[in-house]
Amino acid sequence: MATPHCFFILSLSLLLLFHGSFSLRQPRDECQVDRINALEPDNRVECEAGVIDSWNPNEDQFLCAGVAVVRWTIEPRGLLLPSYSNAPQLVYIVRGRGVTGISFAGCPETFQESQQLGVSTRVQDKHQKIRRFRQGDVIAIPAGVPHWCYNDGNEPVVAVSVLDVHNRANQLDMNPRHFYVAGNPEDMFQQRFDETRDPRGPRETRRPFMEPTQRECNNLFCGMDTRFLAEAFNVNEQLARKLRNENDVRGNIVRVEGNLQLVRPPRTQQERQEQLQRERGFGRRPNGLEETYCSARIIENIGDPTRADVFVPEAGHVRTVNSHNLPILERMQLSASHVVLRDNSVRLPHLHMNAHSVLYAVRGQAQVQVVDENGNAVFDGNVREGQVLTVPQNFAVVKRTDKDVFEYVAFKTDDNAMTNDLAGRASTMRALPVEVIATAYRLPLEDARRLKFATQETTLTSVRPRPGRWADA
Amino acid sequence: MATPHCFFILSLSLLLLFHGSFSLRQPRDECQVDRINALEPDNRVECEAGVIDSWNPNEDQFLCAGVAVVRWTIEPRGLLLPSYSNAPQLVYIVRGRGVTGISFAGCPETFQESQQLGVSTRVQDKHQKIRRFRQGDVIAIPAGVPHWCYNDGNEPVVAVSVLDVHNRANQLDMNPRHFYVAGNPEDMFQQRFDETRDPRGPRETRRPFMEPTQRECNNLFCGMDTRFLAEAFNVNEQLARKLRNENDVRGNIVRVEGNLQLVRPPRTQQERQEQLQRERGFGRRPNGLEETYCSARIIENIGDPTRADVFVPEAGHVRTVNSHNLPILERMQLSASHVVLRDNSVRLPHLHMNAHSVLYAVRGQAQVQVVDENGNAVFDGNVREGQVLTVPQNFAVVKRTDKDVFEYVAFKTDDNAMTNDLAGRASTMRALPVEVIATAYRLPLEDARRLKFATQETTLTSVRPRPGRWADA
Amino acid sequence: MATPHCFFILSLSLLLLFHGSFSLRQPRDECQVDRINALEPDNRVECEAGVIDSWNPNEDQFLCAGVAVVRWTIEPRGLLLPSYSNAPQLVYIVRGRGVTGISFAGCPETFQESQQLGVSTRVQDKHQKIRRFRQGDVIAIPAGVPHWCYNDGNEPVVAVSVLDVHNRANQLDMNPRHFYVAGNPEDMFQQRFDETRDPRGPRETRRPFMEPTQRECNNLFCGMDTRFLAEAFNVNEQLARKLRNENDVRGNIVRVEGNLQLVRPPRTQQERQEQLQRERGFGRRPNGLEETYCSARIIENIGDPTRADVFVPEAGHVRTVNSHNLPILERMQLSASHVVLRDNSVRLPHLHMNAHSVLYAVRGQAQVQVVDENGNAVFDGNVREGQVLTVPQNFAVVKRTDKDVFEYVAFKTDDNAMTNDLAGRASTMRALPVEVIATAYRLPLEDARRLKFATQETTLTSVRPRPGRWADA
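Protein chains in written order, with UniProt numbering: chain A, 1 to 473; chain B, 1 to 473; chain C, 1 to 473.
Derived from the structure by calculation, the hints contain no laboratory data. Don't take each hint at face value.
Given that identical chains are not distinguished, each listed pair holds provided it fits within a single copy or across any two copies.
In silico lysine to any residue, SDA-like type, Cα no more than 20 Å apart, as pairs [what the hints assert, rightly or not]: (1) K242 x V256; (2) K126 x P444; (3) K126 x A426; (4) K242 x E186.
Here chain A stands alone, though its shape is the one from the complex (with noise of 0.2 Å):
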């Protein structure tokens, strides 16, 4: 019985249709960027184990594109305390592995240690499905959601990560706000707004590892009567007191003594492998679909290679995740690419359509330039690794390597967001009449042909002299 089941994919066409090709966000009144920079981060936390690299969400093209960026270092053994914030985020794991627990309100613990197997203590552990996450994972999490992450690894786990605290999940203010559940935090993010309109631009401020008396109490606990946590909790005031974690010096990023021990399934070669099938499920089973809230997925590798979506053997590769293969995005309206774009090669000059692109170099450099509408180039120069750069909805942008390779990732503030190339085989100039081509750039016929058909690539293209190229040159 065919027939139902096309309707349903047409409905559901539809929905991808008029969901996904539309952005949810509304305009900022005032877009100051005339003059964009690559920056690195102003702004260091140290924690027992790990760091906390932020860059100043006061600048322009970040209020802008409505986003704050951070950074994590989280060294073997080292666990992220639980918190939650006001903007939904996309995280990407430049390097390490790890385990990540997200608590979705109201879901199962389903996670268990069976009672048969006789576990010392009175009661067994069960908690919430836990997620393995490696280098080039995206991981999506929802704003308002609280999660934890450990790095059960061996080298330490470093991840960016991109809230977008313009987006209507958040319907407090541009802020980006962390609520931590438990520890003693500082704020990743400070507020300086004047200082960003200092011309002698943001400075880098490193505090140092406080002492004791320095910190203050500032977890959620924190502000609510102990004998009401008391009560809340069923147990007596001086355990519910502990809550608050006074006087606890580890910051956001705490020591695990010994190992973690935590009920989840091993991971032998088989399992591996099963994994790995699920992942790449798209057209193998209905991506997504099936999947209850409680047990969405939430995390999509785009570091692998094998798995490019644009693949030009001498200039690189591109994967990206959005709603159609890592569906909870769909409700974040975010996705992000990962782009490896080999020595001598050219991003094609493009143009984001629908969504702001926050770049993140995470190897090498290349040249950027990136123009308005007024045919200026906003930013001129270098991108480097550890480096982040805005390229703000429509303005356009080509990228170019020399003797390195430069990989970076992308995120966007559209769960679909779509480029459109102004050269190459998909391209604005394709697109065009040979005549309104030789009209526009007062070119004779033939010199307009060349324009529109001389490349053959969409996306990439390498540059490496070989012969045949440019006869007329």
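Mind docking chains B and C on chain A? Use the hints.
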């Protein structure tokens, strides 16, 4: 033929999933909620047959939540004149009963007198559907839809209304605006932006019942030429002039001479029974799907304890109206809960993941603490009958009663507002592995287990001293 | 097999219901519309083959509605150069006919020359779909999509365009921005925020046709390195430099030498007939559902009186384009109506429930009154051919012609804009019970009945004196 039905259910689930679970609002530039107060109304308009109390919409908590709050008291035989607003609103009936008419554009007049009955006048009346309401009802009124309200009972109708001015149905601005189709109403909100910044706080302003000479003409027809009105209504100019209600001193709520004669169904015992069953509909009939715009259900009772969603005999009960049981809320992006918290009980600490919560205290009082992302209590005090308190999105809140019962209604700025409990059986604490809790709070495993598992209830818990509680306390 | 079909229709209805009937915009902080004026364009850019007139986007009425308005006059053989904008736009063709090309990203070149025909050049041309337009057409152009336009007729093309800068497809800011892919265009909007506050009002500014030396390079390629462009387009640097159109004095609209040779279907009588039927499609085929993004219909004619939605022989006619007859408007959240109001006729008093209405007077004049929530007429005067007037959401409006016919097009900021008439057969007055009318306006029942039932028409009514009208006047 079950299969298409399944597909249909699936499509529906998708709709609910994609629509119901993320908010459609945008963050404000700046939410100034470092200190929140429980507020009483500070403006009163006295009318011929009732009074209107309003809260200053320029209070920080209301600007942050993007709402305005007003309370209507309509005396028996009082008629609230037809008007519409630039913001959708949810109305909770605190007391009394009556009828309301909502005139949807283009819908037919379906309540009609039969010609055979030989009414004495030349033309029998016919008008759009009229709906009864009673204590505990929530009435959903979309933006731009004219409506009126009549008290046909023996006691005053008291109704609290939250106008969602920040809602996207409102394309105008953040000022709550009421457009009256008839009468000579007074503006119920005084826009006194400067006064709210006055350190002495907003003043109580009771405007006296004005003399005729002070009144102006201010319904919609006042701005139109009498000749145009005569032509549009096809009446003479003398009658057209009456549309302006000049020198009408009755205000927004007027008294009806005798009883208002309306075309409406009788209210026999049997019919009430049927109506009740229809209201409880969910599960019996596919709720709200077969209804068209014109016959949309707009009323749902949440005050009846026998239909509670959460019930803890010693602690109280909760009932919620959202887009799952009142489908029109899907477009209005609003929902509400009615809570009765018995004496010596705690509403467990929780946060609102995706909505602001605007609380109106119907009866009694409770101690309430509201905590921001820095662990500061932005509110720590009593909330008493007749007061309003806003709990911003993501802020943590705990409520505890002492000797009194505390009854309140919480209006929420999402049609599927979700709370995340921090303690209890379905809480974030339960979702965390015991070892994460032990590490985060620096506790022995035994204490971590107790913190996680000791409270068996969800949402509400009673704290009346009873045998066997806290053996170790 | 009718059942699944029903389910499908139902799903579709739900989509339309949930999407089409509430706006997706956010309110402005403050709408300053205490006084609205009918405005003429106050800025002109003269080009080689046409002129561009624009309205100051900083006028209060446009800031409130979040739109910008521009009028293009393209001479025969004039080509409007390819560009895209940060805002979606609706274009109404006031006069003339021509062709337009919209280049959707990633769509194939489907208008292609066959190789067998032996065209003399080496490579046959192929490009994306080209669409014809004519007087009375509305063209829907999404944000970020490059498009061009060519006048292949014998008279000037005059087109009025409303750019919805407050639309959520625009994540940038409230400034209307045009990004040109080619040429050396001038900015058609002058951002003169201070001047609009000048009590003397905005000035007429006619900028002269500039000398070459005054021109700058300002298309998108001007901000990119010539070497990068040469590499991206795989051409030599000399040709790449031509992309910058330096010293081009032709402006935004250029003249084509000879006739533009395009690959496009012939226009025989039979084919025109088929096209017309296809355009009228609704009811014949399931409108717009089978079309994909690449072949989306973007043009609908609303100027043809034979296809009117509302028709009153003596008073005029109305035709509307919205997401029900042009599905792409679903994403663009825009719609439009074309109205012809004959002499001595009234457009009945009404309000726009869920949208602003931006009116452009195509022909003739009328008296118009616009009323705010306090009963004040914020506009009371004549609107004449070539003027623009904004009617804010929820404000009441009445229009009356005297000796002239008044033809106008109203652009609306919702894809399913709804009006609510205050008088006539399908009005709020009809929805109210007679006794509510009598009480509200302090009228005898007989007068209340007359007010409710006397006008038999909806939308439009003629007021030419005729026998039997107002026997009692």
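- Unsatisfied constraints (hint numbers, rising): none
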